[in-house]
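**Student:** Make a model of the complete structure from these sequences and hints.
In my numbering, the protein residues as written are 2 to 77.
These are computed hints drawn from the structure, not numbers from a lab. Hints may contain errors.
Simulated pairs of lysine to any residue, SDA-like, Cα-Cα distance not exceeding 20 angstroms [said to hold, decoys possible]:
no., residue 1, residue 2
1, K72, R26
2, K72, L18
3, K57, D68
4, K37, L20
5, K57, I17
6, K57, D77
7, K11, K72
8, K72, E12
9, K11, L21
10, K72, N19
11, K72, R49
12, K57, Y34
13, K37, L21
14, K9, L63
15, K11, A76
16, K13, R62
17, K72, V61
Each pair of labels, with its calculated beta carbon distance range [unchecked claim]:
no., residue 1, residue 2, range
18, A76, G53, 16 to 24 angstroms
19, L33, L67, 28 to 36 angstroms
20, R29, E52, 28 to 36 angstroms
21, E30, L67, 28 to 36 angstroms
Predicted, not measured: the structure shown is a model, and the values here were computed from it. Beta carbons: idealized from backbone N, C-alpha and C, even for Gly.
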Amino acid sequence: FPPFQGEKIKEKLTPILNLLTESCRAHRETRLYIRKHILPPLRDVSQRPEEGTTVKSRLVRLMTHLDTDLKHCAAD
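**Tutor:** What follows is the structure, given as structure tokens:
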């Protein structure tokens, strides 16, 4: 994700995260792709999940964000 500041992060990321969530709920293929390519098993990592620049790392960081709406959206 590109760098965002303050409230803009919520405005920019929430629609993207909602689209991914709904697509995963509706389409099995999307769910499998996300699980395989974006969220590999934790045993495959050599560093903490929130460290790094991968999509998985960035999603984990969003799950610990101060904004509860954004946090829940990323967790879905």
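**Student:** Which hints from the list above does the structure break, by number from lowest to highest?
**Tutor:** No hint contradicted; all consistent.
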